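> Given only the sequences and the hints, what does the whole structure look like? Please build it.
As given, the protein sequences belong to chains A and B, one line each in that order. At position 35 of the first sequence (counting the first as 1) the number is 35 in the working numbering, and the numbers step up by one without a gap. At position 155 of the second sequence (counting the first as 1) the number is 155 in the working numbering, and the numbers step up by one without a gap.
Check the hints yourself; a few may be wrong.
[What the hints assert, rightly or not] Label pairs and their computed distance ranges (CB to CB):
1) 266(B) to 111(A): 33 to 41 Å
2) 38(B) to 113(A): 32 to 40 Å
3) 32(B) to 28(A): 38 to 46 Å
4) 28(B) to 113(A): 40 to 48 Å
5) 70(A) to 35(B): 17 to 25 Å
6) 19(B) to 198(A): 27 to 35 Å
Just so you know, the hints here were simulated from the structure itself, not pulled from any lab data. Values in this document were obtained by computation on a predicted structure and should not be read as measured data. Backbone N, C-alpha and C fix where the C-beta goes; we use that ideal spot for every residue, glycine too.
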Amino acid sequence: MLRFERVGKRYPGSGEVLREVSFAVERGQMVFITGHSGAGKSTVLRLAALIERPSRGDILLAGKRVGRISAHAIPFLRRRLGLIFQDYRLLHDRSVFDNVALPLLIAGYGPEEIERRTRAALHKVGLAGFERRYPITLSGGEQQRVGIARAIATRPPLILADEPTGNLDPDLSVEIMEMFRDFNRIGITFLIASHDQGLVSRFADRVIRLERGRLV
Amino acid sequence: MSTGRPGAVARLKRWVGVWLRLQGHALFSSLGRLWRTPWMTLVTVLVIAVTLVLPLAFYLVLENLHALSEHLENHWRVSLYLEPEVDRKKAGELLRKLKGDRAVAEVRLIDKETGLAQFRRYSGFGDVLQALPDNPLPIVIEVLPRRAWEDPEKLASLVERWQRWKGVDFVQWDMRWLQRLKGWLDLAERGAMLLGVILGSAALLVVGNTVRLEIEDRRREIEVMLLLGATDRFVRRPFLYLGFWYGCIGGGLAWLLVYGLYLGLRPQVDRLAGLYDGLYHLRFATPGEIAIFWGWAVLLGMAAAWLVVSRYLWSLRHSPA
Chain A
1 MLRFERVGKR YPGSGEVLRE VSFAVERGQM VFITGHSGAG KSTVLRLAAL
51 IERPSRGDIL LAGKRVGRIS AHAIPFLRRR LGLIFQDYRL LHDRSVFDNV
101 ALPLLIAGYG PEEIERRTRA ALHKVGLAGF ERRYPITLSG GEQQRVGIAR
151 AIATRPPLIL ADEPTGNLDP DLSVEIMEMF RDFNRIGITF LIASHDQGLV
201 SRFADRVIRL ERGRLV
Chain B
1 MSTGRPGAVA RLKRWVGVWL RLQGHALFSS LGRLWRTPWM TLVTVLVIAV
51 TLVLPLAFYL VLENLHALSE HLENHWRVSL YLEPEVDRKK AGELLRKLKG
101 DRAVAEVRLI DKETGLAQFR RYSGFGDVLQ ALPDNPLPIV IEVLPRRAWE
151 DPEKLASLVE RWQRWKGVDF VQWDMRWLQR LKGWLDLAER GAMLLGVILG
201 SAALLVVGNT VRLEIEDRRR EIEVMLLLGA TDRFVRRPFL YLGFWYGCIG
251 GGLAWLLVYG LYLGLRPQVD RLAGLYDGLY HLRFATPGEI AIFWGWAVLL
301 GMAAAWLVVS RYLWSLRHSP A
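So this is what it looks like as structure tokens:
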């Protein structure tokens, strides 16, 4: 599903953030990346989401080498990924419905299909009936669930989540992780960055541990 | 082959359907955005309209002056002023000679008495002439050349020939001042064009700056859209339509303003034209001209938006994360 081959990443001015990182995430797995802050967790996810490009090595996404793929191809690859962020990245001037519908609109779905899939996604995260609400009126947990609904609306095979529970209290975090596990059981592959050891040991199929940019 | 084609057609149909849907969405969502900030929209659109009014008005004034210069009748007419001592008999010979010239369409002799009467009537200096012992005016022959000779260079050679004739004092050619007028009009036209370019650039900058502010306002939205797999075209589209609406509304408003100017000036021009036997009327733009300028305004708006958004997307990609 996703494979890193001796990936290195260096930023000008701050040296090497990742060094010789190789791992593979197989279809149907729920994989966690852990490590201290600054260990390179987010960088791995940014590379996997094609937000950044590797300085060295290559990345395979669904069997395709994408490390040096042309910028024009990136949007189409990204539509087959679900992205979930620590700060949710919702649009506050749009309703919950419009937020979740955005990736479908981008992918060019018709209005009926958008309506159907958006409602289905909201239903799956337990937010049916929240369509007309605005994100600002929701709690943190609810906002993250809107973010999750947006990520699953296009039914991507792989979801990348960067500290999805970083801003939530422990109970809500468990709730969100349980939701991920349910989606994982119906076949969605997850790569989740988290520093919460408790959650990781409870939910992970596999753990990738990073320390100062290296795999341990 | 027969199995491949229906699939291709269906794909094309789907593609066209998606394209139309996205265009429609961007068209109306951008209009909705304008509507949500009515004051800012109004001010922007007014600024664009005002910058466009000047070149439009200039263009119309020039077009009207051109039309006016075409209207000036007899501008190919040549007047031969005969020497004072030439009498009617001698003048008649010259007249016959001119009639025989294949370059000449019409000739008319204005004798001293007719000339005097005309001078009295038009100049207002009739009283001065009363004081003179006898009529100082020469006999004048007016010549209208044939169509084939209605050309400055050809006419100039005719004039030169006639000038050498015995008994001809000097040949006056009205074309000259008309040519000068045309020269001035050409100059003004060039000036108007440059002015149009400058003010068009100003409109471009106004739209560009407004779109830039709008991008600033929607920075987060653009980032999220790109993360969700939006292409540059998807991101650019609503802004292009924003530029489209600015150009469209600004251009339309500019025409309305120019039409207002036209209505305001027409009575004065008509009164003035009345003094010149009313053979001239102030003309407004034709539907074709309106369409062309309007189209340009729309293109201008879209071009400005395109430039600004493309630059923004480029800077997103080339700035360190």
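> Now look at each hint and say whether the structure bears it out.
Results for each hint:
1. 266(B) to 111(A): 33 to 41 Å: The hinted range 33 to 41 Å is violated for residue 266(B) and residue 111(A), with Cβ atoms some 51 Å apart.
2. 38(B) to 113(A): 32 to 40 Å: For residue 113(A) against residue 38(B), whose Cβ atoms are near 34 Å apart, the range 32 to 40 Å holds.
3. 32(B) to 28(A): 38 to 46 Å: holds (43 Å)
4. 28(B) to 113(A): 40 to 48 Å: Since residue 28(B) and residue 113(A) have Cβ atoms about 19 Å apart, the given range 40 to 48 Å is violated.
5. 70(A) to 35(B): 17 to 25 Å: For residue 35(B) against residue 70(A), whose Cβ atoms are near 38 Å apart, the range 17 to 25 Å is violated.
6. 19(B) to 198(A): 27 to 35 Å: violated (49 Å)
Of the numbered hints given earlier, the model fails hints 1, 4, 5 and 6; all others are met.
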